[in-house]
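Asks: Sequence:
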Amino acid sequence: MIGEGGFGCVYRGVIRSTDDSNKKIDIAVKQLGRRGLQGHKEWVTEVNVLGVVEHQNLVKLLGYCAEDDERGIQRLLIYEYMPNRSVQDHLSSRFQTALPWGTRMKIAQDAARGLTYLHEGMDFQIIFRDFKSSNILLDEHWNAKLSDFGLARLGPSDGLSHISTVVVGTIGYAAPEYIQTGRLTAKSDVWSYGVFLYELITGRRPLDLNRPKGEEKLLEWVRPHLSDKKRFGLILDPRLEGKYSLKSARKLTAVANKCLARQAKQRPRMSEVLQMVNEIVETEGMLSLQSTTKSSIREHASELSKRELFKQRFIDLITGVTKGGKHGNQSSLGKTI
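UniProt numbering applies: residue 1 is where the sequence shown begins, and numbers increase by one.
Just so you know, these hints were derived from the structure itself, not from any lab.
Quick reminder that beta carbons are idealized off the backbone N, C-alpha and C, glycines included.
Any given hint could turn out to be false.
Taking CB as the label site, the calculated pair distances span [stated by the list, open to error]:
(1) 40 x 234: 30 to 36 angstroms
(2) 1 x 154: 31 to 37 angstroms
(3) 167 x 210: 37 to 43 angstroms
(4) 123 x 275: 19 to 25 angstroms
(5) 66 x 215: 43 to 49 angstroms
From just these sequences and the hints, can you work out the full model?
Replies: Structure, rendered in structure tokens:
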């Protein structure tokens, strides 16, 4: 098992390639709880959404399974496996090696591309409704992809400015007008993206009750630092150890602030946000910086590999598993290997 959420567990597995029977593909399998219908609506939504969208910055749905029998309800979703886990995992203290600044800028771009596609890249609009760092996954090349579309909704029909719905999502990311009225628009996602930018910049969660008083809410904590040039550097993630572009960080906070306009109509569209982020990357030479930070990324990946190896050795030592042994059974549906 590689993860667990409110509606079930996520497992890593392997299936054979349909193009080459000798080739195996790593997959991630989300399994809903077998008892009851909790999460069934979200499961159906995810199948419907990922069944019609296709973009380089959206996680691919490879298949699904639905069975009802005397043992209960079986609901599976099979995705491409994302070996570098979520952005939230890397921003938290779970990993000691920080994401390089260039990688963070690339993640900001990738996430903006994904949202732009959902909002403006099709004949219909999809509102993510639960955009957050834990729903942004990283592949083997550190490309960011949006995941978990269980709460997504179709945008308003022609002639309507919004859709009314029950307020769901994650505290700290939801737009104020959505929380207060239940009125949902694409600008709600734009607000969430603005919060995410500050998360990338600071390395802090939007709401962290373990922080000292006055620092629990990210947006309230950063506000007084933004207007003071001497204090601005204090909001940058200390784990970066000064290895960032202060100029691009300032520009990125300006983009975040536009996304966080209190009035939804004053927020830019995601295509405009993407253009602003692209301009920051280009003018600051972040693309060349990205190439120079490849060694940092390799070091980061190497550190993660070492930790995984140590963890497995520790587990083997405790459980008495002999070298080369396997845990559980492997199946084409990707149950625990």
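Asks: Each hint should be assessed against the structure and marked as holding or not.
Replies: Hint by hint, here is what the structure shows:
Separation of residue 40 from residue 234 is about 46 angstroms and departs from the stated range, judged on CB atoms against 30 to 36 angstroms. Under the hint 31 to 37 angstroms, the C-beta atoms of residue 1 and residue 154, about 32 angstroms apart, fit the expected range. Range check, residue 167 to residue 210: about 25 angstroms between beta-carbon atoms, so the 37 to 43 angstroms window is missed. Taking the beta carbon of each, residue 123 and residue 275 are about 22 angstroms apart, inside 19 to 25 angstroms as hinted.
Separation of residue 66 from residue 215 is about 45 angstroms and conforms to the stated range, judged on CB atoms against 43 to 49 angstroms.
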